[in-house]
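Letter by letter, the chains look like this.
There are 2 protein chains.
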Amino acid sequence: MELTERKKKVLRSVVDLYIRTAEPVGSKAITELPDMNYSSATIRNEMAELTAMGYLEQPHTSAGRVPSAVGYRLYVDELMAEYRLSIDETKSINSAIEEKMNKVDKMVEKVARLVSQATDLPAISVASRCGGVTIRRFDLILAGVGSIIVVLMLSSDEVVNKLIRLPVQMDESDLKILSALLNATMTDLDISAFDGNLLERVMRSAGAGASLVPVIMEFAVDTLQKQCGTNMAVAGQMRILGLPEYRDVDKAQKLITSLDEESLAGLPAVLNNVNGTQVLVGPENVSRELKDTSVVMTKFDIGDGMQGMIGVVGPTRMDYAKVTARLSYFAESLSKMFAKPEQPQIAEGTSGKEE
Amino acid sequence: MELTERKKKVLRSVVDLYIRTAEPVGSKAITELPDMNYSSATIRNEMAELTAMGYLEQPHTSAGRVPSAVGYRLYVDELMAEYRLSIDETKSINSAIEEKMNKVDKMVEKVARLVSQATDLPAISVASRCGGVTIRRFDLILAGVGSIIVVLMLSSDEVVNKLIRLPVQMDESDLKILSALLNATMTDLDISAFDGNLLERVMRSAGAGASLVPVIMEFAVDTLQKQCGTNMAVAGQMRILGLPEYRDVDKAQKLITSLDEESLAGLPAVLNNVNGTQVLVGPENVSRELKDTSVVMTKFDIGDGMQGMIGVVGPTRMDYAKVTARLSYFAESLSKMFAKPEQPQIAEGTSGKEE
DNA sequence: CTTAGCACTCAGGGGTGCTGAGTGCTAAAA
DNA sequence: TTTTAGCACTCAGCACCCCTGAGTGCTAAG
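Chains A and B are the protein sequences, given in the same order.
Each number in the numbering used here corresponds to the 1-based position in the first sequence with 54 added.
Each number in the numbering used here corresponds to the 1-based position in the second sequence with 54 added.
Each hint should be verified, as a subset may be incorrect.
If several chains are the same, the list does not tell them apart, and a pair holds so long as it fits within one copy or across any two.
Lysine-lysine pairs mimicking DSS-like chemistry, simulated, CA-CA at most 25 Å apart [to be verified]:
id	residue 1	residue 2
1	K390	K145
2	K353	K61
3	K160	K280
4	K63	K230
5	K353	K82
6	K280	K164
7	K63	K390
8	K390	K230
9	K230	K305
10	K345	K63
11	K345	K280
12	K164	K62
13	K160	K345
14	K230	K82
15	K308	K345
16	K305	K353
17	K230	K164
Just so you know, the hints here were simulated from the structure itself, not pulled from any lab data.
It should be emphasised that the depicted structure is a prediction, and the values quoted were computed from it without experimental measurement.
Given these sequences and hints, build the entire structure.
In C-alpha cells form, the structure reads like this:
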C-alpha cells in the first residue's frame, strides 16, 4: 500500500489533534478541520488503511485512532510543521539564560530548571568535559596559625583552593621555594602525568616542604578529576503530574523515580551520538523505563572542550514541534553565551572547611 | 467530662492503628489489640465520649473514628511511645552524615536529601547565620596576563576567591602594598562597617591600586552578605506519591508545588521560635497550604553562630514517634559533627569564571 | 460499670442498562 | 474509479440500584 499525500495529511491531523487533546481521534473530528474537504467516511477509509500500515492504532473497536510509535516517527521526521517561537517566548528564554551562572554544577542545575520551565516538562541537563584541563599555576598562602591555602589556577580559568593544616613548621620563604618548585614541575601537565614517579621526583627536590607535596598533589589530581567528570541535573519531575496520561499515581511515581539522577547514569554516554536536536520516540528510547515516553534532546557547546546537552522527557504525545523549537533555541543561546568573548572577566568561588 | 486513663489508652490505640492503616478505626479493631480487655461496646462508649470531647472525628455515621488535630496534639505531647532507633537505622544515618560536606549550600541540599531518605517523606533543611563573620585576611595573587586573584579568608575558616581583570598595569610590589593596606584597614570588620566612608579612606591611601579597591570591596561585601544569608533546600517531594492520602493527583500536585518553590520562604523566620524537636499538627501549621499536613522539625547547631534546621512534611497521620526519633538523632549527629575538634583540617573550594 | 443484643446507617462493590462516539461495510452518486 | 450517505454494530463510560458488611448508638440485663 502506498502512503499517498492525502494519507500523510490525515496522519498529520491525527497526531496534531492527539497532541492537543490526549484523546483518541475520530474520523469526524478530522473532517471538521479546515482544509479537509472530505466526508468522514473517506477519512475512515484512509484511517483504516493507515492502521493496517502500522501508523495508527486503535485502543478498542469503537474508539478513535491513536498514533503508533512508527506514526510519531514519521510525524517528527517529515510531517511536523515548524513551530515559530513567539517574541515573548524567546524573550523569556533569553532573560532566563542571562542570569549569571558561576560554577559548572550550579549552571547545570539552573539550566535544567530553566528548560523544564520553558517546556513544562521534566528536563535533564548534562555537561561533560574530558581531559584537556591542566593546572596553570600554584600559589601557596600562609594562613595564620600553622595552615596554608593552596590556590590552583586551571587552564579553564577556574580557580580552586583548599586549606591545609601544616604538619611541620614553615615560614614564608619555605613556601616561596616550594611554590616555585611546584610551578616548575607540575604545571601544564595532563592528569595522567601525576603518578608516583612525579611525586617522588618532586619530593626529592622539595626540602622543608616535602611532607606537603603528597597532600597538594592529591588535591591537584582530585581537582582535575572533577574537571573531567560529568555534571548532570534533573528538574521538574513533578510536572508530569499535570499531564492526563499520568493521572495514575503509580505510573507517575514509576516515571519519576526512573528520572532520578542515579538511574540516568547511563545517559552521558549517549551524548556522543547526539547531533543537533534528536527525538527518541517511545520504544526507541535509551532506557527500558522510558519506553512509553519520548525524549527530545539537543547538544550545545560550552567552549574549553566541554559539551552540554539538554533534554526533556514527556509523553509520546508531546508537542514535538514546540518542544524541539524551544530546546533548539535554548541550546543555541547557551552556545552563544559560552562563546561570547569574555567580558571584563571576573571569576568567583567559595570554599568550605572540612574534608 | 474527664479524660480518664482508659480514655487515653483508647485514644492512643486509635492513633496508632490509624497511623498504620490510614483507615478509620472501628471499635472492634481496638478490642482485638492485646492489653485491651473490654468489649467493643465499652470501647464504643469511650470512643463516643472522645468524639464529643473533640479528640476523635467520624467521617460519616457508619465509619470508624479518625483522630482530630486536637487528638494528634495530645498524642504527640503525652501518649506517644518512644521510638527506639534500631542499630541499623542509626548506622545508616551515621554513614549518610559522614560523607563529606564541603560548602554550606551543598551541605544543606545533601542533608535534605538524607533526611528525606531516612524518613521516606519530603524534607526541608535550612542553615542560616546572621552576622558575626568577618574577613580575617586578604591575599592578592598575580595571575598571569593582567589579572589577579583575590583570596579572602573568613573568620569562619571558609576561603573564597575571585578572579579580577586588572584595569591598570600592576606589578608584584604594587600588589604587596595594596594587600598590606587592605589587611590593615578592612579585616575583622562587621559587614556594616563597609560603607562609602571606608571606601574613600582606603582609596586615598591606595596609590597605584586605587582603582581596584571598589571592586575588591564589592566582592568582600558580597561575600559577607552571602555568609549572612539563609540556605534552604527541599528534597524528596515526590515521596508523598507513595502515601494513600495522596492517591489523588491533584492533591499531590498542590502539596508538591507548595513545597517546591520558595513558597517556603517564610520558614527560616520560624527558626528562632523552634527549640528541640517540634511537631506542628495540621491547622497549627506555618502556612495555609500545609494545613492538612503535619510538620516535624528540629534545630541543630553548626558552630560559628550558625543554626540549622531539618524538618519533614507529611500527612497528619504520620508515624510521629518514628519520625521524631530519626529527626532528633539526625540533628544530634549533625551538631556533633560540626562541633568535632577539627581533624587535620583541610578546606576546599572551587570557583567558576564569569560574573 | 460492663456487656450482649438489636436496629439503624451508609460507603463501596458488583451488576444492569442506556447513551453516544466511533467503526466497517455496502450501495448509490459523482 | 473515487467519494459519500446510510445503516447496523461495538463498546467505554456513566448513572442507577441493590446488597453487603462494617460500624454505630441505645437499651436492658448481668
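Status of the hints after comparison with the structure:
With identical chains, the CA atoms of K390 and K145 are at most 25 Å apart within one copy only, with a shortest distance of 15 Å there and 49 Å across copies. Proximity of K353 and K61 under a CA criterion of 25 Å is satisfied in neither setting, with 33 Å inside one chain copy and 66 Å between copies. In this assembly of identical chains, K160 and K280 lie within 25 Å of each other by CA distance both inside one copy and across copies; the values are 14 Å within and 16 Å between. With identical chains, the CA atoms of K63 and K230 are never at most 25 Å apart, being 75 Å at best within one copy and 74 Å at best between copies.
Proximity of K353 and K82 under a CA criterion of 25 Å is satisfied in neither setting, with 41 Å inside one chain copy and 63 Å between copies. Taking the shortest alpha-carbon separations for K280 and K164, both the intra-copy value of 19 Å and the inter-copy value of 18 Å come in at or below 25 Å. Taking the shortest Cα distances, K63 and K390 never come within 25 Å of each other, neither inside one copy (37 Å) nor across copies (69 Å). For the identical chains of this complex, K390 and K230 are neighbours neither inside a copy (41 Å) nor across copies (38 Å), given an alpha-carbon limit of 25 Å.
In the homo-oligomer, the alpha carbons of K230 and K305 never lie at most 25 Å apart, since the shortest distance is 62 Å inside one protomer and 64 Å across protomers. In this assembly of identical chains, the alpha carbons of K345 and K63 never lie at most 25 Å apart, being 27 Å within a copy and 52 Å across copies at closest. Proximity of K345 to K280 under the C-alpha cut-off of 25 Å is found in neither arrangement, the shortest distances being 32 Å within a copy and 44 Å between copies. In this assembly of identical chains, K164 and K62 lie within 25 Å of each other by CA distance neither inside one copy nor across copies; the values are 40 Å within and 51 Å between.
When the C-alpha separation of K160 and K345 is checked against a cutoff of 25 Å, the pair qualifies neither within a copy, at 30 Å, nor between copies, at 33 Å. For the homomeric pair K230 and K82, neither the shortest alpha-carbon distance inside one copy (83 Å) nor that between copies (82 Å) is at most 25 Å. For a Cα distance limit of 25 Å, the shortest separation of K308 from K345 inside one copy, 12 Å, qualifies, whereas the shortest one across copies, 28 Å, does not. In this homomeric assembly, K305 and K353 never come within 25 Å of each other (Cα to Cα): the closest approach is 29 Å inside a single copy and 36 Å across copies.
Proximity of K230 to K164 under the C-alpha cut-off of 25 Å is found in neither arrangement, the shortest distances being 40 Å within a copy and 38 Å between copies.
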